[in-house]
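Student: Here the structure of chain A is known, so what remains is to put chain B in place on it, guided by the hints.
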Amino acid sequence: MTPELLIDLILALLLLIIAWSALFAPSRRDAMAMFIAFGVIVALIWARLGAPDLALAEAAIGAGLTGVLFLNAARQLPQAGRTTIRHKSTIKAAIFVFVSISLFILLLSGPTGEQMVTPVDNNRLADAMPDAGVIYPVTAVLLNFRAWDTLLELLVLILALSGVRQLYTSAHISEPAQANTWPLLTGWTQVLAPMLVIIGGFLLWNGSKAPGGAFQAGALIASAAVTLRIVGLLPPFRWSFWLTRMLVSAGALLFLTVAVSTFIFADGWLNYPVSLSARIIIAIEIFATISIAVTLALLIIGDHEDLHT
Amino acid sequence: MSDPHFGSLSVYLLAALTLISMGLYGMMTLRDPIRRLIAINIIGPGVFLIMVVMAKRQDPPDAILHALVVTGLVVAVSATAFALRLIIASEKNASTDHSRQDTP
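Protein chains in written order, with the numbering used here: chain A, 1 to 309; chain B, 1001 to 1104.
Isolated chain A, as found in the complex (with noise of 0.2 Å):
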């Protein structure tokens, strides 16, 4: 056994124990810090699979992010005896089986196993990449030849805001008081969510040629605003303001003015001229850098100050 072989066993071991007891541990609090602890684990996984940008993403969305909206919700939420009472079916136990058993045979024997470890030659995209307006692939196909997946995600993102905000517009949900802030996590914050906002520029700007890009930028912005905001020293974001509006919908707009000036002037829907592609990219990274960052922000801490009309 080589040692890199153990790392990735040891890796993969933890994170199925830390699934099982997010799933089954006694007191919700503990499913959700493990939960937590999960995200971390993914986001080493995706680095020793060569995948940067999502170890970046993971990081910052699924360990970060997805933290504070579970700290939160456990925060707000009553105080529940024994959450893991369980269901008894003969029918579900015979789904369940039926369905996990034919998932593995699937994808661990048969061509079809042997087709998901064994090495492929796929040249298609390096031969696309020279009209591609940006050097680093995953960019390249975020923004150029998927831009589509990108622009429904922006779409998706102000949808779940939407359902957000109608929980708050029926009816009036009763928060509970602010607590008091420790001192050391206001300095600290202070410190910290400058940091965040140089590095997610960083990740934005350093996007076109190596790991980085709109959505991981996004994700840090939106995390110094969460925590400036946990701390009391960011005001409401107040959905009545017409430049919070501007802010969640500019990424969308620009992408979709963008497919529609190049479906009436040019080739198609979000086909970019070649001599034009550079600068189209890095104008809808920035705007959907923003929109992605405020939008991220109201959905993980905008309370009823921020969402009400």
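Simulated from the structure, these hints should not be mistaken for lab results.
Hints may be right or wrong, so weigh each one.
When the alpha-carbon atoms are kept at most 20 Å apart in a straight line, the in silico SDA-like pairs for lysine to any residue are as follows [unchecked claim]: (1) LYS1092/B with GLU305/A; (2) LYS88/A with ARG1031/B; (3) LYS88/A with LEU106/A.
Among the chain A residues that face chain B by a calculated CB cut under 10 Å, a handful are [stated by the list, open to error]: (4) LEU15; (5) LEU16; (6) LEU49; (7) LEU107; (8) GLN115; (9) MET116; (10) VAL156; (11) LEU157; (12) GLY163; (13) VAL164; (14) GLY213; (15) SER275; (16) THR295.
Every residue gets a Cβ at the ideal spot worked out from N, C-alpha and C, and that includes glycine.
Tutor: Here is chain B on its own, set in the frame of chain A:
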């Protein structure tokens, strides 16, 4: 077995499948909405892990699959945020209903 990646890729593939069936088991048996949400969020990384293992079959790793997973991560976190708000709202409704019943 001559390929150096073969061992660790298989390890992660097995871990991904175990994660998916673990999450499925949680989804089917647990009643608590928070646990069910965690279960969905465990199935998700399982699927992403399969995609990243498939990306690793070539050198450099396949950027298309990585880009898809980045998109998936952001969609997953926004869905989780919405689901948590719904859970909080429904539990608060349930607890106020109970207190009304207790004090006639």
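Student: Evaluate each hint against the coordinates.
Tutor: Taking the hints in turn, this is what the structure says about them:
Restraint check for LYS1092/B and GLU305/A: the C-alpha separation of about 18 Å stays at or below 20 Å, so the hint holds. Between the alpha carbons of LYS88/A and ARG1031/B the distance comes to roughly 11 Å, so the proposed pair stays at or under 20 Å and holds. With a C-alpha separation of about 28 Å, the suggested pair LYS88/A and LEU106/A falls outside the 20 Å cut-off, and the hint is violated. For LEU15/A, the suggested interface contact is upheld, since its CB lies about 6 Å from the closest CB of chain B, less than 10 Å.
The interface hint given for LEU16/A is met, as the beta carbon of that residue sits about 6 Å from the closest beta carbon of chain B, less than 10 Å. Satisfaction of the interface hint for LEU49/A is found here, the shortest Cβ-Cβ separation to chain B being roughly 5 Å, below the 10 Å cut-off. Taking 10 Å as the C-beta contact cut-off toward chain B, the hint placing LEU107/A at the interface holds, the least distance being around 6 Å. Residue-level restraint check for GLN115/A holds (minimum Cβ-Cβ distance to chain B is 9 Å; threshold 10 Å).
Taking 10 Å as the C-beta contact cut-off toward chain B, the hint placing MET116/A at the interface holds, the least distance being around 6 Å. Given hint, VAL156/A at the interface with chain B, holds; its Cβ is 5 Å from that chain's nearest Cβ, closer than 10 Å. Nearest Cβ of chain B to the Cβ of LEU157/A: about 5 Å, under the 10 Å cut. The hint holds. Hint on GLY163/A holds. Least Cβ distance to chain B is approximately 5 Å, under the 10 Å limit.
Using the Cβ-Cβ criterion of 10 Å, the hint placing VAL164/A at the interface with chain B is satisfied: the shortest such distance is roughly 5 Å. Evaluation of the GLY213/A hint against chain B yields a held restraint, the C-beta minimum of about 8 Å falling below 10 Å. With a least beta-carbon distance of about 23 Å to chain B, the hint placing SER275/A at the interface is violated under the 10 Å criterion. Taken as an interface hint, THR295/A checks out: its beta carbon lies about 8 Å from the nearest beta carbon of chain B, inside 10 Å.
Going through the hint list in order, the structure does not satisfy hints 3 and 15.
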